[in-house]
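In case you want the letters, here they are:
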Amino acid sequence: MAKKEYSFYPGCSSERKASASNYMVSVDAMCEKLDIKLNEIPDWNCCGASIGYAEGGELPRHVMNARNIALSEQNNPNQDIVATCAACWLGAKETADRLDASEQLLADTREVLKEAGLDVHLKNETPIRHMVEVLIEDIGYEGIKEPMVKSLEGIKFAGYVGCQTNRPFGVDGESFENPMYLDKMVETVGGEAIRDYEKKVTCCGGALAFSEPEKSQEQIKDIIEAAYDQGADMIVTPCPVCQMNVEVYQDQINKTYGTKFHIPVTYYSQLLTVAYGGSAKEAGLNGNIIRAKQLEEIAAK
Amino acid sequence: MNDVNTTMVDKYRNDFLKEVEENVEEGHWVKMCMQCGVCSGSCPFGPHWDHPPQEIFMMIRAGKRDEVLTTESMWMCTSCYNCIVRCPRELPITHIMHGLANYAHRLGIAPKMNPTRRFSAIFWNNITKTGRVNELALSLKLYFMDGFGNGVKKALAMKKVGIGMIKTKRLNPLALVNHKGVKNPKELHTLIKKAREIEDRRKGLAS
Amino acid sequence: MSENKTAVYVCKGCGIGDRLDTDQLANIAESEGKCSLVRQHDFLCNADGVNTIRNDIDSEAVTHVVIAACSRRAKTDAFGFDDVAVGRANLREGVIWVRPDSEEARETTQEMADDYVRMACAEIQYMKQPEANQNAGTHKTILVVGGGISGITAAVESSKAGYAALLVEKSGQLGGWAAKLHKRVPNSEPFADPQDTGVHDLIKLVEDDNNITVFLNSTVTRTSGAPGQFSVDISAESGDTVTENVGSIIQASGFSNYDANQLPELGYGKSPDVVDQAQLEELARQAGDGPMTRPSDGKEIESVVFVQCAGQRSEKPGHLPYCSGHCCNTSIKQAMYFKDTNPDVDTMVMFDDLRTPGNGEDFYRSAQRKGVIFTKGKAQQVDAANGQLQVNFRDMILDEDAVANADLVVLATGQVPNSGVDIEATAAADAEDESAESESAAEDTQEVSVSVDSILNLTYRQGVDLPHLRHGFSDSHFICFPYETRRSGIYTCGPVRRPMDIAQTQEDATGAALKAIQAVENAVLGRAAHPRSGDLSFPSFRREGCTQCKRCTVECPFGAIDEDEQRYPVFNESRCRRCGTCMGACPVRVISFENYSVDTVGQQIKNVDMPDEFDEKPRLLVLACENDAYPALDMAAQQGLEYSAFVRIVPVRCLGSVNTIWITDALNSGYDGVMLMGCKKGDDYQCHFVRGSELAHERMSKIDDTLQQLQLEPERVVTHEVEITDIHRVPTLINEYAAKIDEIGMNPFKGF
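Protein chains in written order, with the numbering used here: chain A, 1 to 301; chain B, 1001 to 1207; chain C, 2001 to 2752.
FYI, nobody ran anything at the bench for these hints, they're computed from the structure. Possibly wrong hints are sitting among the right ones.
Label-pair restraints from in silico Cβ distances [as the list claims (entries may be wrong)]:
hint	chain 1	residue 1	chain 2	residue 2	range
1	A	Y257	C	D2193	54 to 64 Å
2	B	E1090	C	A2132	52 to 62 Å
3	A	K281	B	K1180	45 to 55 Å
4	A	K145	B	K1180	32 to 42 Å
5	C	D2344	A	P77	24 to 34 Å
6	A	K114	C	D2401	51 to 61 Å
7	A	G277	B	N1150	17 to 27 Å
8	A	E297	C	E2361	49 to 59 Å
9	A	P77	B	E1090	29 to 39 Å
10	C	D2193	B	E1090	20 to 30 Å
11	C	N2405	A	D43	52 to 62 Å
12	C	P2272	B	D1010	34 to 44 Å
Just so you know, these numbers come straight off a predicted model, no measurement behind them. Where is the CB? At the ideal position from N, CA and C, for every residue including glycine.
From just these sequences and the hints, can you work out the full model?
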């Protein structure tokens, strides 16, 4: 397989000592096995996330994303932009769409970027993709299976796709109500997927986990409860916000609702890394607050 | 204080729909709602909205300006985009809700104490300061937004989460002093300032 | 006519030969069925098999053929011999496909097949290959009654297909409502703006067409005859009358506007600024492309509220209970009249459920883009005060009372069909008069009556106009035969049939024209129109046995039977649909068809081998309507669904043709139960002959007395409504019934 190169937009949460740093560790390991080279966009900035809307407004938010697109098109020309974070992907893609749809917005954005000399670099013609799209479209399920040396047999996964990886753009050929790719990925590396996981695309509250913790935790409770009810050993997700919200509030939810939740929440990239023979450390499993013991055991074999 | 708000009231008189069309992100879509209510039924926080999106659209058409702009409702949006993908008329409802919230906030009449409004502002200021999120600063600012005493309480409640994050190397306890962002934050500030100026000019919000 | 010779062919293909003892079947045909020529064939529907039959007909002078093979619904092309009477014994779908292929089932399965061969042999003895009705007419001209958009379209379409048309219009000009519109709802891409009605081009087409004769200021004052031979009087206002012969008739009498004076709460009649949609069209025409002004004081209209469902979709007395279909699109169009002239005019459409059929959704969106405001609300009261109208309404989304001010209020009122005299209400009233009851009849049959003048003035025994179904609209089979009325050769189209807009009306009129053409072509050949299209049989009756009871003349769903001076029935063969309802109705059994009669079915019933009481083999008779129930049974068989081996199924043309003698004979001769399977009845009937299933249910409800006289349990006779899609239900019905009969026990009349 020829080496595939992408212009990589890691996003804030995947930085060292940030909330999804273990996601990044596993993505690195996974990509190495799949012969994918990620060229980080130099000097990228935050996408603004969805929650930035109230203070940010429209144009400033699009400028943030357009700056990243321009930097990518300047430094990594002809490479698709790939993000691992749902919000980064969505933010960048949304901006690209809006600029494409409105001449005025594009002109205004260029006018602003001129201050940094970036206006000339903004072509806004680069596809903006999520890492899972790279996996299932460019690599394919067969390709995903190829480097596999260990099976995840015996582990039952609730594939929690969540919101922003799935909506409003989603992945080609998948339904918004019941996307299957995460389940297929799990099955590709030998795990058991709960294909009809009831809360597959239910919102965890997103950023409102901070501002409206009670309401969000009610959502998260349902998400975890359904996973338990349907017999999951662990949850797997493609989204850093989902991962964090569903993992870190389990103690508080237990306190509020008298539940006894203690379920690991992992990333698809961690699963693949383990299946590819990576160590627990390479898979970033030491980054999970609730340890995914079954994965660690397989990694240790 | 509400100079911009007064200007807008004078400018549009009774035509709130027109005001929304011209000043709110994706506001020109509001008139296309067909009142089916799928958005309201699809919202994860639906029960917490005083006026779910369907009602908001109706209220805009009915000219209920104050009620719409001062409600906490839009601030309940979790940006899950469920309403967008389900709307049979393909209205970008999430964006319209964000747009309305932003507009109300910009006019200074959004509910002052709404936690999401406040968090959003904190978040934006956090990311634009260096160009990238400083998660530690963000959390601390959030906990202490209601004053020191409350902040300590909230921080203590979240202590276990924080320690978990630090232990698993997912939170940098030293980020207040060594957080890194883009190379030239000043340049970024210039960009954002300029963008804000253009946007205000376009929407007649320049004071 | 030469002597009958019956040949029986037993097919061994499709597994019949493996599952059944075909020698025994052949033997039964020969000995019990008294058929002289019996052959077995490995594959009867192939060329060799068909040729064998053909040769026998040609060289052995065979006049009657029994094919013991698959269902009568299968291989109709191969086994369609036009010159002989053909009967079928259903061994495949009726026997082997519905029975398990097991040793213990073998005996009862064979008994089933034996009986079906006996039944077919018995039936064929009483069948004759029908010959076409000799009384067929020769006229192919099509009469169109009503010169609105539907009538014009029907006439033009008939003419385009090469048929002369007569177009009769009551008023002095063609075009109807459409000619009074400013513009119409668009019927072409992008469905965004009102467009020219096009009605003047259509009128021109009529005027330039030598094949269409127009009668203005005229009405139809008499209609008699039948398809292919109608005679109609067309009378002008002046009193001049001409008589014309036509082959079929299209009634396109349209609608009248609901009288908005019945809506004083909505301000109508109180302020001239409250108008209905027709008046708004008038205002728009007057204004041309300029701004519209208020009727009260000529002030330019700056705000307008459209109140949808005004006096309709409401159960209030005097209101129309139904939706008129076009009014939402019409209000959208009328709101655009304002917006297209001046975008600053406030236009609000107040709706409960906005219904925009056709491409109305695009039109609706276009109006939203133009700034028309759509409010989900219910108008409660319209007041006039200080030179403005105030619409008080309930906001259905915000759930609160609200007020909208307007210069003009437009009420979207509904369509009331011009369907002439309600003959059933008239008949009911007559009946009540006869029984000296003075109370007003048929109170709930028609809420709003506009015209009581007859449209067609039919000389038929059953009444002067077409029967209505609900709310005064003409009855037509809404699923299968929408343009078909209950009078053969007479078709309806447009709003007389159901509420509709111009686009639907034109489609409707085209369909009706094609049906009218089909009708004349069938009529001149002496054949039935749908649903038994091409059927040559027709009823005949034995006058000497008739008791003049009038049952047949009253119950015929199609008004085909008149009466002579002595009150004997007069069968108008060309009006007949061949359902056999008259045959089912006749208490003295004097009505029959050449190939379908009390005997053809009765003999099948009688010739089943009846095991005695101690064999514990009950026999259940199923009379299944051939339109839906029998196909459903066939499809159940195709899917391998099994049912009891104790049933013997006889297809009937319609449950309406079931004569109660069959039921009593069956019970007398030892059957343990009788089950009837027919189509859905009621207002949303699916009965192909409209009333057949309904009548059968009525007759069966009265059979209880007979059963009691025989000291039999009423549960032994059941009637079911079955749809063609009830593939899984029909075997279940049979099996549950078999279990029920098992519970009740055997018929004590066995062996008597």
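To see whether the hints hold, each was checked on the structure:
no.: 1; hint: Y257(A) x D2193(C): 54 to 64 Å; result: 58 Å, holds
no.: 2; hint: E1090(B) x A2132(C): 52 to 62 Å; result: 60 Å, holds
no.: 3; hint: K281(A) x K1180(B): 45 to 55 Å; result: 24 Å, violated
no.: 4; hint: K145(A) x K1180(B): 32 to 42 Å; result: 38 Å, holds
no.: 5; hint: D2344(C) x P77(A): 24 to 34 Å; result: 51 Å, violated
no.: 6; hint: K114(A) x D2401(C): 51 to 61 Å; result: 55 Å, holds
no.: 7; hint: G277(A) x N1150(B): 17 to 27 Å; result: 49 Å, violated
no.: 8; hint: E297(A) x E2361(C): 49 to 59 Å; result: 57 Å, holds
no.: 9; hint: P77(A) x E1090(B): 29 to 39 Å; result: 34 Å, holds
no.: 10; hint: D2193(C) x E1090(B): 20 to 30 Å; result: 22 Å, holds
no.: 11; hint: N2405(C) x D43(A): 52 to 62 Å; result: 59 Å, holds
no.: 12; hint: P2272(C) x D1010(B): 34 to 44 Å; result: 37 Å, holds
The structure fails hints 3, 5, 7 (numbered hints given earlier, in ascending order).
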